[in-house]
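Engineer: Chain by chain, the residues:
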Amino acid sequence: MGFALHEAKTLAEATMLARDLGPDAMFIAGGTDLIIQINRRVNTPRDVIDLSRIAGLSGISHAGGVFRIGALTKHKTVETYPAFGFGTPYAGLREAARVVGGHQIRNQGTVGGNLANASPAADLIPPLLALDAELDLVGPSGTRTLPLNAFFLGPRRSVRAHDEIITEVRFRDLPPLSAIAFLKAGRRKAMEISIISVAARLTLEADGRCRDARIALGAAAPTPIRAREAEALLEGGVPDEGVVAMSARAALTSVSPIDDVRASSEYRRLLVAALVPRALKICIDRIKSARS
Amino acid sequence: MTFRNALTLNINGSEHEVFIEPHWTLLDVLRREIGLTGTKENCIEAECGVCTVLLDGKAVCSCILLAMQAAGRSITTIEGLGTPDALDPLQVAFLKHGAVQCGYCIPGMILTAKSFLAEHPGTPTRHEIREAISGTLCRCTGYQKIIDAIADAGAEGAQAAS
Amino acid sequence: MSVEAPAATGNMGEPHPRFDARLKVTGGARYASDMPVDNPAYAYLVTSAIARGRIVSINLGEAQNVPGVLHIMTHENTSKDVKDSKLFSDGGFSGTSIIPLQSDKVWHDGQIVAVVVAETYEAAREAGYRVKIEYEAEQPSATFESNGVQVQAAADVKKTHEDPKVGDFDGAFASAEVKVDATYFTPTQHHNPIELFTTTCAWAGDKLTVYEPSQTMYGMKNGIASQLGIEPEQVRVVSNFVGGAFGSKGSLTPRTALTAIAARRVGRPVKLVATRQQGFTIATYRAETKQRVRLGASRDGKLTALSHEGWEVTSRPDNYMVAGTDATTRMYDVANVQSKVSIVHADRNTPGFMRSPPELPYMFGLESAIDELAYALDIDPIELRRKNDTMKEPIKGLPYTSRSVMQCFDEGAKSFGWSKREPKPGSMRDGDWLVGLGCAMSCYPTQMAPSSARVRLSQNGELRVETASHEIGNGAYTVIGQIAAERLGVPYEKVSVVLGDSDYPAAPVSGGSITTASVCNCVAEACDAIRAELGINDPKGDVLAALKSRGRGAIERYAEWTPKGVPDGALAKLYSGQAMPTGGTKDKERIMFAFGAEFIEVRVHQRTREIRVPRIVGAFAAGRIVNPRTARSQLMGGLIWGVSSALHEATEIDKRAARYVNKDLAEYLVPVNADIDQLEVFMIPEEDHEVNPLGIKGIGELGNVGTNAAVANAVYHATGKRIRDLPIRLETLLA
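Residue numbers (our numbering), protein chains in the order written: chain A, 1 to 292; chain B, 1001 to 1162; chain C, 2001 to 2735.
If we strip away everything but chain A, and leave its shape as in the complex, we get (with noise of 0.2 angstroms):
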């Protein structure tokens, strides 16, 4: 019946609740997913963690070379955050924070707790692997980091623990001649949980050659996942027609994608096909024009 609601006012607070409350526990910040998953019985917790008064996680900053976006921090400040703009390196996250649900729900949903909720098709996760980010987890015994591609297990699941927080997912400054570009299809053109989703990143040497290539994918495998053979291909050379159709192709060999309602494995493919060479197509666009 129901479930108690405990409001942390700290990060200690948050964890130690967790922990004296068992796995039964579960945490809260905006809610997007939670409450729909306790409506539904996906879901059945006891209690409820309130996260989201807590101080100090909320919003995006950038010091030292690095952007450090707090765990709390709202889709719709990602989607209008200036240094993510379109004309920066950064414009792939834009493009994602914005087709994450509705209006509504980029005013509500977390970056924390997109992360943390782990799907498979979740937007924000392809551009953030694809920018190298990593993520901390505090727990009642201290503070982990890791890299974001060995958070996920598998669809809803992560390697968190029950009472660990992720606090905050931080990423280092692209090189110069970088870009990242996010594409997304679904069967309509906004409310729609991803049916693939590419997110590219290029670096290029001053000579037009490829020195550090990303692929990531979302809804493609049981979890986000990079396509490391396409990343591969296109290292080193000049990413011309050619290689990045090869490289497309190579990033068939990483995915593993489903068969349901909302579309077949064999188009899932397609998608992965036709989407990576334009993802990338897009990042050097941009870092054309950004030279230019």
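What the hints contain is simulated information worked out from the structure, not anything from laboratory work.
Keep in mind the model is a prediction, meaning the values are calculated, not measured.
Any given hint could be a false lead.
[As the list claims (entries may be wrong)] Straight-line distance between alpha carbons at most 20 angstroms, and here's what the computed EDC-like set of lysine to aspartate or glutamate pairs gives: (1) A:Lys281 <-> C:Glu2610; (2) C:Lys2158 <-> C:Glu2309; (3) A:Lys281 <-> C:Asp2654.
Given chain A, work out where chains B and C should sit, using these hints.
Structural biologist: Frame of chain A, contents of chains B and C only:
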């Protein structure tokens, strides 16, 4: 009787004291406990936007917001927008453009637009408006006229500001 | 492009703003679940987890222990309470003859198997989750081709059903120079009005008040009375505003009687708001259809043979069907016609009418086949339609009262830029996008039913109209008020209209686009009676002055309007809640339809096959348009419904479990704002003095009839791939 918490909510500029269970959503409390039924209920899963209210001026889905999480914040419902003598410019624009059919989505639609226009001062494009109100479904479906109305209200707001 | 309101042309009325718009933008419009009742208890439905079989045991122990639970209804304590549930098409009121909680039998997935009543909604829901039911399940039959379905010819199960037929189809088809023989499928779809299925019941002594969004006040009043075994006079139904219905709120669902019984048992009002998921199985839906269409034509494009066969899914016990061949066999000039409708009984809830019931699925078949024929003949699809246009339906040779379909095609084509279309499929491109232009005919029968209304003119100039019709987004308040104002020469601002209450004079169900024609003609008659009483026969004469000069405070008239050609006893049936419409193909001397032409531009991405619809144009002729502003809204909404139906909407069925899979708005896709781009509606002025005295046809359903075919035809033009199975999926375009 189950245990209930006392909670004070600031709704449309007045304080309301309610006794609630912790798992009740703001939507439940607005409609059932306070009787503000202009906020509609539907999917209860933040897929349709009819339950939209403004929380500190920003559109949120009240169906997935725990009432207790709204304590200490300012809540605006459709009943708090404009007055009978002076409707909000968005309400006026919705009337002018005939953007209303069955009307069930309209309170949520207007509040979503209110929040969006506050965030985008100036004259948003039709494309931006479309994207912004995509979280609010109209099944009748009056999208075209709703966009006309919001564009009109946006343009008037921009003019008033300049 | 922004148009505040289209100007009135020809015989159209003024584009007055909606009567109820102000209430709706301020949150003041009260829908059924907004109505305050004293100290309500809350009901939650428990629905079956199997589609066929029986309940072996119900354990309520855990549920009853949830704090706040007041009562739980199951078949063990409610089996005798609901007396009757005759299907409306058999002269009853219900959308299903299945009475839940009557026995241990389970007829379909998601059938109501228990109702929990508690102090709060949350407690009722919690207890609902804790009701433990053991079933004995049998293998259900889900849909066409499933084992165990039972197929019956419509003519064998329904006395009044006719399969239209004329000439010698077999002979004409065999000798036709050019032929099309194709099979089409339309999916299961659910109305999904944004307002949920909700019911609040409050007893005061032996009098029951029901607050429920409904398309039929008298149908509900009489229906609920017969289900509960009480007199209709004991029941009042209130439904001032309906948050969308589209057919789903037009017949009685089992929830109403159960809520009333619950309220009687707990001795206080009970409020039920069914969840979105439950809405898929506790009310009706559009059943999937399979259709085979055969067309024969001469080389120059004259149709010589038409056959349309349809199969529709229904539930085990009910013979529900929409049977759209009634219309599709009468759209073109063709001498040899045959048709046949069959129903396929499966273990499903009973389907019902959903926006544009017979025409929507069946015109998809016909208008796709016509497009296929145009390509086979290498004739422009509009010219093919012109060549076979007719002012007389071919089955009985009855004349159309009016038919402006080619005017619609010509106006629409001009605005759409049809002449720029390259006929060859796949020949138009824009970068990576394949461009396709398609069109189709839209039609809807003009039907009317008896209606009653009361009109009162007061000396202060106020005019009040009362009728138990209702506002479902159609603009009923507005057009009814407008007709009254016009007829008596009173300013529109002085009119008040009250609807949505069974205490008002009886009005028919708002289904089949009959409301405006039925109710407005009746209101006009009441106004005319006021004029006659005052002796003001000149339409420009000042009625108010006459009222004042006679020293009278007010004058009131009650009118009953009966359209020409209704069956005997139709007026009496109005009061017992059964609409008996006439018109359409039911009249013995004439045939009455509204028409339209719909144009769609699609863009299909050449690699991913994403489909976009950048442009929609619809031109419609529907007799007298009372209010071009509200009419345009309805038609636009219809077009978007049509695009949605073609590209998005399908309720997927798990064939092993006979269970709907995508039972929410995240998975059952309806278009969002961002999906719709340019949309233009033209209303072609049309005068029809034969349909009814005011010359009104209906428009609520006309808008979405042709769209499915227009989209599919455009997709064929873009890609060369003919899609005969809706909705059009990206995957299908890849294959």
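Engineer: Of the hints stated earlier, which fail here?
Structural biologist: Hint 3 contradicted; others consistent.
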